[in-house]
Amino acid sequence: MSALHPFSLLAIAAALPAFAWILPAPAGGLATALIAMGLTLTPGARSGSTSAGLTPRWRPGLVTFRTALVIAAPFWLFLRLLHDVPTTVAMGLRITTMVASCVWLVAVLSPDRLVEAMVARGWSLAVAYLFAATLSAVPVLKARARRIVEAQRCRGLSPRGSVANRLRALRALALPLVLSALHEVDERTLALETRGLGMGVRRTPLAAPLDRTAERVARWTLLLLCLAALIRRLA
Amino acid sequence: MRILGLDGVTFWYPATANPALENVSLDVGPGEIVALVGRGGAGASTLLLIAAGLAPRVTGGRLAGSVSRGARAGIVLPTPWTQVSGMAFTVWDEVAFGAANLGWPGHEITRHVDRALERLEIAPLASRDPATLSGGELQRVIIAGILAMDPDLVVLDEPTAELDHEGTRAVWRLVRSLAAEGKAVLLATSDVDALPDIADRIAWLEQGSVRALGEPSLLAGDAMCEAGLGTTVAGLWRAAGLGAPYPLTVVDAVQRWR
Chain A
0 MSALHPFSLL
10 AIAAALPAFA
20 WILPAPAGGL
30 ATALIAMGLT
40 LTPGARSGST
50 SAGLTPRWRP
60 GLVTFRTALV
70 IAAPFWLFLR
80 LLHDVPTTVA
90 MGLRITTMVA
100 SCVWLVAVLS
110 PDRLVEAMVA
120 RGWSLAVAYL
130 FAATLSAVPV
140 LKARARRIVE
150 AQRCRGLSPR
160 GSVANRLRAL
170 RALALPLVLS
180 ALHEVDERTL
190 ALETRGLGMG
200 VRRTPLAAPL
210 DRTAERVARW
220 TLLLLCLAAL
230 IRRLA
Chain B
0 MRILGLDGVT
10 FWYPATANPA
20 LENVSLDVGP
30 GEIVALVGRG
40 GAGASTLLLI
50 AAGLAPRVTG
60 GRLAGSVSRG
70 ARAGIVLPTP
80 WTQVSGMAFT
90 VWDEVAFGAA
100 NLGWPGHEIT
110 RHVDRALERL
120 EIAPLASRDP
130 ATLSGGELQR
140 VIIAGILAMD
150 PDLVVLDEPT
160 AELDHEGTRA
170 VWRLVRSLAA
180 EGKAVLLATS
190 DVDALPDIAD
200 RIAWLEQGSV
210 RALGEPSLLA
220 GDAMCEAGLG
230 TTVAGLWRAA
240 GLGAPYPLTV
250 VDAVQRWR
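Just so you know, the protein sequences line up as chains A and B, in that order.
Each residue of the first sequence is one higher than the one before, starting from 0 at the first, in numbering that gives the first Met the number 0.
Each residue of the second sequence is one higher than the one before, starting from 0 at the first, in numbering that gives the first Met the number 0.
Worth flagging that the hints you see were computed from the coordinates, not collected in a lab.
The structure displayed is predicted, hence computed values, not measured ones.
Beta carbons are placed, not taken as given, at the ideal position from N, Cα and C, and that holds for glycine.
Among the clues, some could well be false.
Among the chain A residues that face chain B by a calculated CB cut under 7 Å, a handful are [stated by the list, open to error]:
hint: 1; residue: THR193
hint: 2; residue: VAL200
hint: 3; residue: ARG201
hint: 4; residue: THR203
Beyond 12 Å from chain A on every Cβ pair, some chain B residues (computed) [claimed, not checked]:
hint: 5; residue: ASN22
hint: 6; residue: ASP92
hint: 7; residue: SER189
Generate the whole structure from the sequences, applying the supplied hints.
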C-alpha cells in the first residue's frame with residue numbers, strides 16, 4: 000500500500016469517510032468501516048523491524064488496527080450515552096471510518112514522499128511541509144513520550160499499576176511532553192529556515208514518486224463516485 | 000572586503016526590556032575564522048542568529064544598528080536532533096534537504112551532497128536512517144547539510160558539543176579547510192583550547208557586549224584567565240603563580256619552560 004502514490008493514499012483516506020457520511024446508514028457506514036479497518040491491517044514492517052512472537056511483517060498492521068480501535072472506542076461509549084442504539088450504530092460506524100482512515104494514512108504515508116509529490120506537482124514547499132509535518136507529528140511525539148517514560152522509570156515513577164499510579168505517571172508525562180515540543184518548535188523553525196524552507200524558490204524534487212496513469216484514473220473515479228453518491232442521496 | 004559586517008548592533012528579544020546584545024561591531028572577511036568566547040548568556044548565540052540572518056527575521060524582536068551580509072549564510076545550532084528536517088529517511092536525503100530547497104539542478108545537488116559527506120567523513124552512513132544515528136553522527140550530518148548548500152558564511156554554534164575527541168578534531172580540520180577555500184567562519188565554542196590553532200580572531204563577549212577583540216593570544220591574557228575563559232595552559236600557568244605573559248598552548252609552555 001505504501002508504494003502507492005501519496006495522492007492516491009490521500010484520496011482513499013478522504014473518500015472512505017466521505018462515502019461513510021453520504022451512503023445510507025447503517026449499511027454504508029458498515030461497509031466503509033470494514034474497509035477502513037481492513038486497511039489498517041495492511042501497513043508492512045519497515046526493514047529492521049523486529050518483534051517477539053509475531054512476524055515483523057504483521058506487527059505494524061496489528062499495531063495500527065489496535066490504535067484505530069482504541070481511538071474509536073470512546074466515541075461509541077459517548078454516542079451510546081447520548082443516543083439510542085440505531086443512531087449510535089450509524090454515527091459510530093461513520094466515526095470509526097474516519098478514525099481508521101486517518102490512522103491508516105499516518106501509518107502508510109511517508110511525509111518525505113508526500114513533500115516530493117506535492118513539490119513535483121508545483122505546490123509551495125512551505126505548504127507541503129505543513130501537511131507532512133502534521134502527519135509526522137504523531138510518530139515524533141510517540142518517540143519522545145517513550146523517552147520521557149523511560150527516563151521517569153529510571154527515577155522510580157512507574158506508568159503501571161493502580162489507576163492512581165497511572166494518573167500520576169500521565170501527569171508527569173504530559174507536562175514535559177508538551178513543553179519539550181513547544182521548545183523544539185523554535186529551534187526547528189530556525190534550522191528549517193537556514194536550510195531554505197522559506198526562500199520561496201521552487202524545490203528540486205529529489206525522487207518524485209511515480210504517478211501511474213491507472214492511479215490517476217482511480218483517483219478521478221473515486222471523486223466522481225463520491226459526487227454521484229452525493230447527488231443520488233440529495234435527489 | 001567583508002562578508003559580514005555588524006555596526007553598532009543592539010538587539011532585543013520580543014517582550015524584553017534589556018537587550019541581549021548591545022552596541023556590537025564586528026567584521027568577518029573571506030577566509031577568516033572569528034571565534035566568539037564568553038560565559039553562558041553572554042550573547043554569543045544571539046550574535047550568531049543575527050549573523051545568519053535569522054534574528055530578528057525569524058525569532059522576532061527588535062534590532063538597532065546595521066548588519067551587512069554580502070553572501071548566503073548557513074548556521075549549525077548546538078542540538079542536532081532539533082535540526083533534522085523530519086522529511087528524510089536516509090542520511091543522503093537529509094543532507095540534500097537544504098540543497099534541494101535552493102532549486103539547484105539534480106546533478107549539482109548530488110555533487111555538493113557527496114562532497115559534504117566526504118568532508119565530514121560520513122559517506123558510509125549515506126543510506127542509514129537519521130533516526131538511528133548517535134548524537135555525534137547526527138551533528139556531522141547537520142553540518143554536512145549546511146555545507147551542501149555551499150554558504151559563503153558558515154556560522155557554527157558549539158559545533159563540537161556532541162562530538163567525541165576524533166569527531167571534534169575532524170570538525171576543526173574542516174573549519175580550517177573551509178577558511179582556506181575563502182569561506183568566512185563565525186563560531187561560538189567553549190572548546191577554547193582548540194582556538195589558538197583554529198581562529199584568526201577572538202571576540203570576548205560579556206553581558207551582550209564585545210569586551211575585547213583581537214588575536215588568539217587574548218586567551219592567554221590575565222583578564223580572560225581570571226574570567227575562566229583562557230586556555231587551560233594559560234590558566235594553569237597563572238594558577239601556579241608563574242609570571243605573565245602566560246603561554247597560550249602546550250608548545251608555548253614547553254618553549255617557555257626551556
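Hint check results:
no., hint, verdict
1, THR193, "holds (5 Å)"
2, VAL200, "holds (4 Å)"
3, ARG201, "holds (5 Å)"
4, THR203, "holds (5 Å)"
5, ASN22, "holds (24 Å)"
6, ASP92, "violated (6 Å)"
7, SER189, "holds (19 Å)"
Consistency note: the structure conflicts with earlier hint 6 alone.
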